[in-house]
Amino acid sequence: MPSKSKIAKNNLYLSIIIVFLFFIILIKVDFWKQLYSLTSNNHHVRMLNTFGMCGKDSYGFLKNIEQNYELTENPLIINTKVMPNSLWTIYDSRKKISNSPKIFLNYQRNPLLIFFSKEGKFVSQNHVQLTNELKSVAFDTGGKFINFKGNIHIFKIVNRKKIFIFKTNFKKKINHLEKVNILVKTKEFNSRWENFYIEIENSNLEIKNKINKIILAFSNEHKFSSNDIIYSQDNCYYIK
Amino acid sequence: MIEILYIAIQVIFILSLTYLILPSSVYQKKLSYSLANALSINSIFLINILLLFSFTGLNGIYLLIILLIASMFFLIKKNYKLNINYKSQVILVALLIFFLSIPLANTLDLGWDAKFFWFLKTLNFYQDQGIYNLNRVPAFDYPHLGSYIWSFFWKFPFNKFEYLGRIYYICFYVISIFSFFEIFKISNLQKIILIILTILTTYSLELFSGNQEVLIFSLVLLSAKFSYSIFSSQTKANEKTKIIFFLLLILNAASWIKMEGFFFVSFALFAIFVLANISKNQKIILITGVFLVILSRLLFFKIFSADLESFQFEKTLNTVSVSGIIASIKIIAFYAFVYLAQMPILLIGVLLFVYNFYMYKIDKIQLFICWYAIFNILFIFAAFIFSMENVEWQVRVGLKRVIFQTSGFYLLTLVYLLNKISKK
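Residue numbers (the numbering used here), protein chains in the order written: chain A, 1 to 240; chain B, 1001 to 1424.
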């Protein structure tokens, strides 16, 4: 049986370890910084810091609408960058949700999907959402003029398999960033996380090397005119 | 500064309410030899009471009044006295909850699922709307209990900030970890070290972003603890009946918090039914209880005409092929290993499981852990293989959270090892 002094000594060591671990917890949760921020910013400011004014969830913009306009129903919100939409910021469970979109957040009037060259193909670097038409394609040729002749295949990869979305062939003299109309109705490009790929076939290497990036332009599924706008701030709109 | 006061009082309010709603002598003295035990059992009762009340559609203030009257009654009648051990433990529990609540209150961030439906469900209850009204919110078929708890503690006692409701999630998380370590046959100081290490390895702010996984984690941890007690040779037969009752309450709570919660707890109950040394009557109680929980869920779907809209079985089954299943298994297995490496308690659990298997004669507890692991793995693969969306994407965004929910269970391997060592 261990002596009392040995137990006391052992307990002292364990207590020191506990205190030490407590400090590690404080470091892990960034306690002092969080405490300072909590005491120096009120709740509304912290909400704005986390969810944005017009951007991210656009908490500030939506709160302005809630305070300044009488909402008879929960407005249907379209947020083209952040999913899920920001209804939670102003949701009133006693009201229905409107059928048509009333609020547009992070709205891009001309959504573009930009592809950069990578390992023999072009890979999308951003995302578009809520589009319904592929309008045009443009090639960044670094200011040069190219005589394009070949097939363009646009696809995505699902479970490591290519899923083709669009195929076309081109035989055209193209200027730097010249828009070539395509006008295909499609919603296949709407994604907030998927990468899309473009492969150019039957084209000589010189042409491929001249293309720095490819830009696809889309139409928005939901459009509105400036007359429809009740209140706006940057890319956020509240419409009739 | 006032918010810090709110947080501190909220922590005291939750702990006091939980501790006082039911004196531990009601269930059994031996089971409640520690504060953490009493708090965890009372939490299970409180969560089930909240569930029952959520169906009434009544304002939560009536429930609060009932709970406060019950607390006062027990406080006066039973003349509660906290002994010194309790006092030090309660300070430790409260301090840890407070430390973890500050980042939550400052950051305020909500998870994807929370923004999409959990918080909308919470708002529904917060705005005094009943369960019927939930059909206006996405994912009506998803359980509502976690959101109800969130709204209740948002409203009471201060009715100020939504994050005050989420502090309950932190309380339950900390209480369940403290309670779990009661089954270790080691000194209190050693237990505290293990508790803090468990918090250090499992805590992340994301857990309290309004998603419900942390509640399931805590319930699974408690179910692991009580299941272990049933397998333990030191537990008397009459105690086992009460433990089975607690396990059924955990099952009920879990199935009303998240769909998979039902499976994660029922795997343990199924193992108890098959492997544990329990009487025929206890088996009947167990089966009847599980049946009643399933029936209550089915009744809910029937009464509220809710479809399993979030699952879309037809769409899923139509797209299944053998090559697709093999590809999905590869993807799931790959990510499972990646996430396993990111979760220290699970990694330690797996390593200790192998070590225990090699070092000690296979007994019922080892079989129980093995059984649970097999069912858990099968469930995860099945859930993701038959996922309606792109499997890789689903696995990338969801698998870690699913694995996390049962990760606490594998701490039983550590219990097993340390208790074996202490026996020697």
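I should point out that these hints are in silico values taken from the structure, not numbers from a laboratory.
Ideal Cβ positions, reconstructed from N, Cα and C, are used throughout, including at glycine.
Treat the hints with care, as some may be off.
Unchecked claim - The list that follows gives simulated cross-link-like pairs (lysine to aspartate or glutamate, EDC-like), each with its CA atoms no further than 16 Å apart:
1. Lys156(A) to Glu188(A)
2. Lys167(A) to Glu201(A)
3. Lys162(A) to Glu221(A)
4. Lys240(A) to Asp228(A)
5. Lys56(A) to Asp1128(B)
6. Lys95(A) to Glu119(A)
7. Lys156(A) to Glu221(A)
8. Lys149(A) to Glu201(A)
9. Lys156(A) to Glu1182(B)
10. Lys95(A) to Asp1128(B)
11. Lys118(A) to Asp140(A)
12. Lys210(A) to Glu188(A)
13. Lys213(A) to Glu70(A)
14. Lys161(A) to Glu1206(B)
15. Lys162(A) to Glu1392(B)
16. Lys28(A) to Glu1206(B)
17. Lys135(A) to Glu221(A)
18. Lys210(A) to Glu119(A)
What the hints assert, rightly or not - Among chain A residues calculated to face chain B with C-beta under 8 Å, some are:
19. Ile16
20. Leu21
21. Phe22
22. Ile25
23. Leu35
24. His44
25. Leu48
26. Ser93
27. Arg94
28. Ser98
29. Ser100
30. Ser117
31. Lys118
Here is how each hint holds up against the structure:
1. Lys156(A) to Glu188(A): OK: Lys156(A) and Glu188(A) at ~10 Å, within 16 Å.
2. Lys167(A) to Glu201(A): Roughly 11 Å separates the two Cα atoms, so the pair holds.
3. Lys162(A) to Glu221(A): violated (26 Å)
4. Lys240(A) to Asp228(A): Holds, at about 5 Å.
5. Lys56(A) to Asp1128(B): Answer violated: Lys56(A) to Asp1128(B) is near 29 Å, above 16 Å.
6. Lys95(A) to Glu119(A): violated (52 Å)
7. Lys156(A) to Glu221(A): Distance of about 21 Å is beyond 16 Å: violated.
8. Lys149(A) to Glu201(A): At roughly 9 Å apart (the allowed maximum being 16 Å), Glu201(A) and Lys149(A) satisfy the hint.
9. Lys156(A) to Glu1182(B): violated (52 Å)
10. Lys95(A) to Asp1128(B): holds (13 Å)
11. Lys118(A) to Asp140(A): holds (15 Å)
12. Lys210(A) to Glu188(A): Roughly 28 Å between the alpha carbons, so the hint for Lys210(A) and Glu188(A) is violated.
13. Lys213(A) to Glu70(A): This hinted pair is violated, its Cα atoms lying about 47 Å apart.
14. Lys161(A) to Glu1206(B): Judged against 16 Å, a Cα distance of about 32 Å means the pair is violated.
15. Lys162(A) to Glu1392(B): Roughly 14 Å between the alpha carbons, so the hint for Lys162(A) and Glu1392(B) holds.
16. Lys28(A) to Glu1206(B): Holds, because 13 Å separates the two Cα atoms, which is no more than 16 Å.
17. Lys135(A) to Glu221(A): Cα-Cα ~12 Å, so holds.
18. Lys210(A) to Glu119(A): holds (15 Å)
19. Ile16: violated (10 Å)
20. Leu21: Holds, about 4 Å.
21. Phe22: holds (7 Å)
22. Ile25: holds (6 Å)
23. Leu35: At about 5 Å, which falls below the 8 Å cut-off, the nearest Cβ of chain B leaves the hint on Leu35(A) intact, so it holds.
24. His44: It is violated, given that the least Cβ distance between His44(A) and chain B is near 11 Å, above 8 Å.
25. Leu48: With a closest approach of 10 Å, the Leu48(A) hint is violated.
26. Ser93: For Ser93(A), the interface hint holds, since the closest Cβ of chain B sits about 4 Å away, which is under 8 Å.
27. Arg94: holds (6 Å)
28. Ser98: violated (12 Å)
29. Ser100: It is violated, given that the least Cβ distance between Ser100(A) and chain B is near 17 Å, above 8 Å.
30. Ser117: Because about 24 Å separates Ser117(A) from the closest Cβ in chain B, which is outside the 8 Å limit, the hint is violated.
31. Lys118: This hint is violated: Lys118(A) lies away from chain B, its Cβ roughly 19 Å from the closest one there, beyond 8 Å.
Consistency with the previously given hints fails for numbers 3, 5, 6, 7, 9, 12, 13, 14, 19, 24, 25, 28, 29, 30 and 31, ordered from lowest to highest.
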